[in-house]
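*Asks:* Okay, here's what each chain looks like letter by letter:
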Amino acid sequence: MKTTPRAVAVALLTTTAIALTGCSASSESGGSADAAECTPADGAVDLTFTSWIPGIEEVVDIWNAENPDIQVKVQTGPNGNGGTYQNFFNQLEAGNAPDLGQIEYDALPNFRVQNGLMNLADCEEVVAAEDSFVDWTWGQVTFGEEDSVYAVPQDSGPMALFYRSDLFEANGIAIPTTWAEYEAAAIKIRELGGYITNFSQGDINQFAGFVWQAGGSWFENDGTDWTVDLTDETTTTVADYWQGLIDRDLVSSYPAWTSEWDNAYNSSEVWTWNSAVWGANSIASGAPDTAGKWSVAPSPQWNAGEEASGNWGGSSTAVFTGSEHPYEAAKFALWLNTSEEALTAMNKSANIYPATKEGLNLPVLKEGVEFYGGQAIYDVFAEASAQVSPDFAWGPTMTQTYNDVSDGFKAAVSGNGTLKEALESGEKATIDALKSQSIPVKE
Amino acid sequence: MSAVTTTSAPKQRRSKAPSPSGPKEKTLSRVGAITVMSVFTLYFLVPIWWLFVAASKDRSQFTNTNPLWFADFNLIQNIGELLAYRDGVFLKWMLNSAIYAGLGALLGTLFAGMCGYALAKYRFPGRDAIFNIVLGGVLVPATALALPLFLIFSQVNLTNTFWSVFLPSLVSPFGVYLTRIFAAESVPDELIEAARLDGSGEVRTFFTVSVKLMFPALVTVFLFQFVAIWNNFFLPLIMLRDEVLFPVTLGLYSWNSQVNQIPELRAYVLVGALLSIIPLIILFLLLQRFWRNGLGAGAVK
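Sequence order for the protein chains is A and B.
Going by this note's numbering, the first sequence opens with residue 1, and the numbers climb by one from there.
Going by this note's numbering, the second sequence opens with residue 1, and the numbers climb by one from there.
Be a bit skeptical, because a hint or two may be false.
[To be verified] Label pairs and their in silico Cβ distance ranges:
hint, chain 1, residue 1, chain 2, residue 2, range
1, A, Gly193, B, Thr143, 28 to 36 Å
2, B, Ile281, A, Asp166, 33 to 41 Å
3, A, Asp222, B, Val46, 49 to 57 Å
4, B, Ala144, A, Thr227, 48 to 56 Å
5, A, Lys435, B, Val46, 18 to 26 Å
6, A, Asn303, B, Leu42, 42 to 50 Å
7, A, Gly82, B, Asp198, 57 to 65 Å
8, B, Thr143, A, Asp222, 35 to 43 Å
9, A, Asp229, B, Asn157, 44 to 52 Å
10, B, Val46, A, Glu220, 36 to 44 Å
11, B, Pro67, A, Ala180, 23 to 31 Å
12, B, Leu42, A, Asn115, 38 to 46 Å
13, A, Ile62, B, Ala98, 27 to 35 Å
14, B, Gly88, A, Val369, 28 to 36 Å
Keep in mind the hints are simulated off the structure, nothing from the lab.
C-beta atoms are modelled at their ideal positions from N, C-alpha and C, and glycine is treated no differently.
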């Protein structure tokens, strides 16, 4: 019996030893981001694919049935920022990342900087697919460079204006087509006791979409150095505009997707929402009592007659470094994101809005939507998608940037500081974060 | 999840007249104590009440009805929908949690009990050193160990398996600590001596004599360990990829992170959260007799 504790001690020591070697060994196993050798394998291939799209299993089942030689195993989990990205980084570190993974556009640069993505520029089929994707989505995965394709675009979030057609009509207010008209409408609606829209507390992604529409860009990479500019003229204009609405109490400020937020829309307190295509479901589920009273129009413009649109969200399918079968992985990624059957299935199971030009004309997206009074709302978004600027780029530390700016936004909405100050401090913090990770920054 | 809050429930059972033998208390301080306790009980129970009410509502009633009172009572129907969703994956998660937590706590308790007993009842070199190391383990949060564990399990290709969540759950430094203290107090050396004279081996003595004496402590350790594993979220989050291996906490979390895309998931998350605390409540009610004794016995003797 005396040996038991000793055995425990031995076990403890061995565990510690493994832990130590585990830590030191894994740091050497980081992959390089050389262009992949894109050649087919000899025999059958098994691939792993991590995504968080609900119901993605059924879509992949279609592929598996048609491709006995390339079998894909799906793994699901929480959404990217909910833990899956961190897991990807851990797995890359440990050398057991899946072959493919879902990554949102704003997180791609981060993975690239960490050498996590395989460059698919040698895969002819991928390069040949460029024309089938909406231009700006291709820019998101190539970072605007030659000979680089770091992922296959999956879905997109072009923005348009959801509005309460019944309230606008009953009160004789015209649907705003410019941001100036939007402001004027906001004043009238406030007099009637409502709010024109809700400026979400701490939601910087929507704001990024506004800046994108206005033609701003926060990050730039010239091949080696990063430029960070969260306070350029365009961004400042947009920030000042919304600050003006907040200061005059013309917009409400509930945190998005909470019960209060749902209730504000459901009770007709808030009249419009300039949001992405997937927002159609947020309203339909959050404000069921207002069914049939909503419509969709193009986003208000900064100058009358312009046709610019912003984007909010969207993701891609990337092949991780360390995958032994980039050719097959790329082939699957292309099928998943371009074939009509896959796009239709993903739209059906999870309202995924495609990133291909043809995908925007899927039969399911041509139908009228009951909640929106039978309007074929996706036509509006298809148009918007073509109007999104391809020049907007994300930085390699977006999670941190979001956190910093959204803290400032929360404070600004409650009257402490301004949106502009939040962006200024976010810019400073982002530059510090880049420097601390030894990512070269041009100032 | 907030299951731990149910510990406040047993307190109410003491609200009878003070026992004649107990220390005398002033009426004022009694009223004060009861007030404070009622406030806290309410504070702990309101979230569960809210969860129950919310889970019983129709999705359209969720936003526009009083959050603390019922609208149409749809609980049964909601549960039915939850269980049917995606071929009953929720049931699978509940089952996984039950296995991780039930089996893990059982074996974990056994190991902790054996270890604590050995540390209390045998003299050998390095005994205090080992105990101090284990005691140090109490201070290290499980979250901090998750990442190193992931790297270790990666080396032996065990990530994304049942074992990657199960094996780390077997370790309970706090259990070792508690059972050691308890064994030292409640298992008399004379009894072990007597068993030896009767020809009983050490293992047999442990299982037939000592375990019975240590039972309250073991139940306490089991409960703590069960709750810890049931609520453990970070380790499965890091280790597991396959939905079929998820415990219920991780499953609900991953649904919750997709509410933007699939709004009906919100209702499932609520109903699922309600169902997921039921096993803990049942366990506490069943075992409270033992574990209350367990905590008390170690303290006074």
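*Asks:* All hints, please: hold or fail.
*Replies:* Against the structure, the hints come out as follows:
Here the CB-CB span from Gly193 (chain A) to Thr143 (chain B) is close to 48 Å, at odds with the stated 28 to 36 Å. Checked against the given bound of 33 to 41 Å, the beta carbons of Ile281 (chain B) and Asp166 (chain A), roughly 47 Å apart, lie outside it. Checked against the given bound of 49 to 57 Å, the beta carbons of Asp222 (chain A) and Val46 (chain B), roughly 56 Å apart, stay inside it. Checking the proposed 48 to 56 Å range against Ala144 (chain B) and Thr227 (chain A) shows it is violated: the Cβ atoms sit about 37 Å from each other.
Look at Lys435 (chain A) against Val46 (chain B): about 47 Å separates their beta carbons, and that is not inside 18 to 26 Å. Against the hinted window of 42 to 50 Å, the Cβ-Cβ separation of Asn303 (chain A) and Leu42 (chain B) comes to about 57 Å, which falls outside the hint. Under the hint 57 to 65 Å, the C-beta atoms of Gly82 (chain A) and Asp198 (chain B), about 59 Å apart, fit the expected range. A beta carbon spacing of about 40 Å between Thr143 (chain B) and Asp222 (chain A) agrees with the range 35 to 43 Å that was offered as a hint.
A hinted range of 44 to 52 Å for the beta carbons of Asp229 (chain A) and Asn157 (chain B) is consistent with their spacing of about 45 Å. Separation of Val46 (chain B) from Glu220 (chain A) is about 51 Å and departs from the stated range, judged on CB atoms against 36 to 44 Å. Separated by about 39 Å at the C-beta atoms, Pro67 (chain B) and Ala180 (chain A) break the suggested range of 23 to 31 Å. Leu42 (chain B) and Asn115 (chain A) have their C-beta atoms about 54 Å apart, which leaves the hinted 38 to 46 Å range violated.
Roughly 34 Å separates the CB atoms of Ile62 (chain A) and Ala98 (chain B), a value that falls within the hinted 27 to 35 Å. Look at Gly88 (chain B) against Val369 (chain A): about 30 Å separates their beta carbons, and that is inside 28 to 36 Å.
Checked against the numbered hints above, the structure breaks hints 1, 2, 4, 5, 6, 10, 11, 12 and satisfies the rest.
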